[in-house]
Amino acid sequence: MPYLTGGYPTPAETVALIEALVQGGAGAIEVGVPFSDPLADGPTVQRANTAALLAGATLGGILAAVAELRRRGMTVPITLMGYLNPFLAYHPAGAARPDGALGGIAALAHDGAAAGVDGLIIVDLPPEESDAVRVALAAEEMSLIYLLAPTSTEARIQAVAERAAGFVYLVSVTGVTGARTELPPDLIDFVGRVRAAIELPLAVGFGISDAAQVATVGELCEAAVVGSAVISTVEQAPPGQRVASLRHFAEVMTGRGREQDA
Amino acid sequence: MTTEAAPAGRFGEFGGQYIPETLMPACTELEQAWAEAQTDAGFQAELDELLREYVGRPTPLTDAPRLTEQLGGPRILLKREDLAHTGAHKINNAIGQVLLAKRMGKRRIIAETGAGQHGVATATACARFGLECIVYMGAEDVRRQSLNVFRMRLMGAEVRPVDSGSRTLKDAINETIRDWVTNVRDTHYVIGSVIGPHPYPMIVRDLQAVIGREARSQCLEKVGKLPNVAIACVGGGSNAIGLFHAFIDDPVRLIGVEAAGEGLEGRNAATLTLGRPGVLHGTRTYLLQDDAGQIEEAHSISAGLDYPGVGPEHAWLKVSERAEYVSVDDDEALAGFRLLSEAEGIVPALEPSHAIAYLKRLAPGLPADDVILLGLSGRGDKDIDIVREALAARGVEL
Numbered sequence: 001m002p003y004l005t006g007g008y009p010t011p012a013e014t015v016a017l018i019e020a021l022v023q024g025g026a027g028a029i030e031v032g033v034p035f036s037d038p039l040a041d042g043p044t045v046q047r048a049n050t051a052a053l054l055a056g057a058t059l060g061g062i063l064a065a066v067a068e069l070r071r072r073g074m075t076v077p078i079t080l081m082g083y084l085n086p087f088l089a090y091h092p093a094g095a096a097r098p099d100g101a102l103g104g105i106a107a108l109a110h111d112g113a114a115a116g117v118d119g120l121i122i123v124d125l126p127p128e129e130s131d132a133v134r135v136a137l138a139a140e141e142m143s144l145i146y147l148l149a150p151t152s153t154e155a156r157i158q159a160v161a162e163r164a165a166g167f168v169y170l171v172s173v174t175g176v177t178g179a180r181t182e183l184p185p186d187l188i189d190f191v192g193r194v195r196a197a198i199e200l201p202l203a204v205g206f207g208i209s210d211a212a213q214v215a216t217v218g219e220l221c222e223a224a225v226v227g228s229a230v231i232s233t234v235e236q237a238p239p240g241q242r243v244a245s246l247r248h249f250a251e252v253m254t255g256r257g258r259e260q261d262a
Numbered sequence: 001m002t003t004e005a006a007p008a009g010r011f012g013e014f015g016g017q018y019i020p021e022t023l024m025p026a027c028t029e030l031e032q033a034w035a036e037a038q039t040d041a042g043f044q045a046e047l048d049e050l051l052r053e054y055v056g057r058p059t060p061l062t063d064a065p066r067l068t069e070q071l072g073g074p075r076i077l078l079k080r081e082d083l084a085h086t087g088a089h090k091i092n093n094a095i096g097q098v099l100l101a102k103r104m105g106k107r108r109i110i111a112e113t114g115a116g117q118h119g120v121a122t123a124t125a126c127a128r129f130g131l132e133c134i135v136y137m138g139a140e141d142v143r144r145q146s147l148n149v150f151r152m153r154l155m156g157a158e159v160r161p162v163d164s165g166s167r168t169l170k171d172a173i174n175e176t177i178r179d180w181v182t183n184v185r186d187t188h189y190v191i192g193s194v195i196g197p198h199p200y201p202m203i204v205r206d207l208q209a210v211i212g213r214e215a216r217s218q219c220l221e222k223v224g225k226l227p228n229v230a231i232a233c234v235g236g237g238s239n240a241i242g243l244f245h246a247f248i249d250d251p252v253r254l255i256g257v258e259a260a261g262e263g264l265e266g267r268n269a270a271t272l273t274l275g276r277p278g279v280l281h282g283t284r285t286y287l288l289q290d291d292a293g294q295i296e297e298a299h300s301i302s303a304g305l306d307y308p309g310v311g312p313e314h315a316w317l318k319v320s321e322r323a324e325y326v327s328v329d330d331d332e333a334l335a336g337f338r339l340l341s342e343a344e345g346i347v348p349a350l351e352p353s354h355a356i357a358y359l360k361r362l363a364p365g366l367p368a369d370d371v372i373l374l375g376l377s378g379r380g381d382k383d384i385d386i387v388r389e390a391l392a393a394r395g396v397e398l
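Protein chains in written order, with my numbering: chain A, 1 to 262; chain B, 1 to 398.
For reference, chain A alone in the conformation it holds in the complex (with noise of 0.2 Å):
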């Protein structure tokens, strides 16, 4: 499942380079809402950040952009990534500020769900905060995605059994998104301790850059989510070479591109 920073690096770019992914082989799409101050990002992701908001990507440009890729006829589950405030502050061009706890949460949880998207997962909402915005998506029929790491308890892997749908969201270290070259050896452990609270499907991100990695990950989980090597390829991609350099890139993390070889 790629990660990819919503406007980046430019608005006009994401529909295609979503389709890239997918046409590549991606099962699933995660797309990453621009916040001033990813705190729990690492430089390639902050980059894309900053880059997406200064191209001028707005919440409600994605959100467009997610329609677009429904009207084409995407079916892959997509997921918005994120962080809370954006989310809070959402309304409809032209509509008033929203004001109250809940802030636009309403008001994206309709537009979302009618642009197709399938879940919200956001990286400053932890269980004990995340009770009205879940009912909130739920009313959409939209899923709130939560996130656990090698640091949860017990207890804290089954507060999220007990609210959790579509996916939960494993992070597998302690640390801000980026590529490692090892995955971390209590990952095995870590995974163990969830799915034996926890019935649904299980994505593992953050640190995951290459196709070996993608693989061993894909033994233990339903999902592997690779962010910043997406980033990074786009970056370094030629210019005019985005799409297909994206596609290619897919292709060989998915095993798509090993097949087509043979």
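The set of hints was computed from the structure by calculation and includes no laboratory data.
Here are a few chain B residues that sit away from chain A, every Cβ distance over 12 Å (derived from the structure): (1) R52; (2) L226; (3) G345; (4) A368; (5) I386; (6) L391.
Okay, derived cross-link-like pairs now, SDA-like style, lysine to any residue, Cα gap no bigger than 25 Å in a straight line: (7) B:K102 to A:T174; (8) B:K102 to B:L50; (9) B:K360 to B:G345; (10) B:K222 to B:A343; (11) B:K225 to B:A368; (12) B:K102 to A:T151; (13) B:K360 to B:A392; (14) B:K102 to A:T153; (15) B:K222 to B:A209.
Even for Gly, the Cβ is constructed at its ideal location relative to N, Cα and C.
Assemble chain B onto chain A, guided by the hints.
Chain B alone, transformed into the frame defined by chain A:
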């Protein structure tokens, strides 16, 4: 009225714990450790002794007779946090949190700093206890506050300049949280103000409340009554909460002074005056943010007030109308800096210079038998170069 943090760390609708899952167990552990430490007589005795014999508490309550006379209003009393060890109130919090971290078995200490006062205080406490200390500081602030950078390094701390975003306090906090999320198992994050996720706004408030406790009894002893007004500057708001807390249930007017920077129409840091509620750095509070919820860059001549958020308890004190929040711009703050220097021979930091400046608007309208208690949160040595440059830019040569 009470502003105790609710079980979930709420001050009214503000506060909370909006942080990545990775950090939640650490916040729970910290909350438990703080609760245990507060009922541990040994911990309290050690903290009290440190405050007395290392920090130099109680700090004096000083009459400001010439300032009082010049402003032509109430008697003005200064709570002298500038005389605490390291030159500002920040040490009250840093020494307490580092003592707590030691008790929790954490060997590595990280902190953010804006003006450098909190970084210096944390480096000081770490030197005192022999703990590793890493301080994140916006690259712009490293430039503005080179004296404090050197002080931190002198005491063995590592200062890491932060080049992202506005290269000031907000970005230093982001980078410190990134370090914390990476090293959470052996690292304690000493947050420098009443901000961040629960339990930090409560812990920092509890540690800074010594300012108001002392000032309250000193005022009763000196004047025979409570002050009519307690006033302090507000960036994140730790010195103001520390001063206000002892007076929450008293008939004392509480005034927080924010930095209006270049003015309320221009770049500023007047979060409670101009901001809207939102979520940043783990807490729900007032923020300077745009229509899409992106955080705006704050600006103030004083690096310590240069923050686009504010402590959630201040947000609650504003909404519940228990405290008033006003703002003072860079020019007025510079005038306040000079006013106290000339009138009393006390060179204040630029941060409390904002509160001093507001006295010029406040005092002339109040009765002469009233008493104003002003939180003088730090001394101005660190700001001498900035003030000299700013005055020169305004055509003033001393």
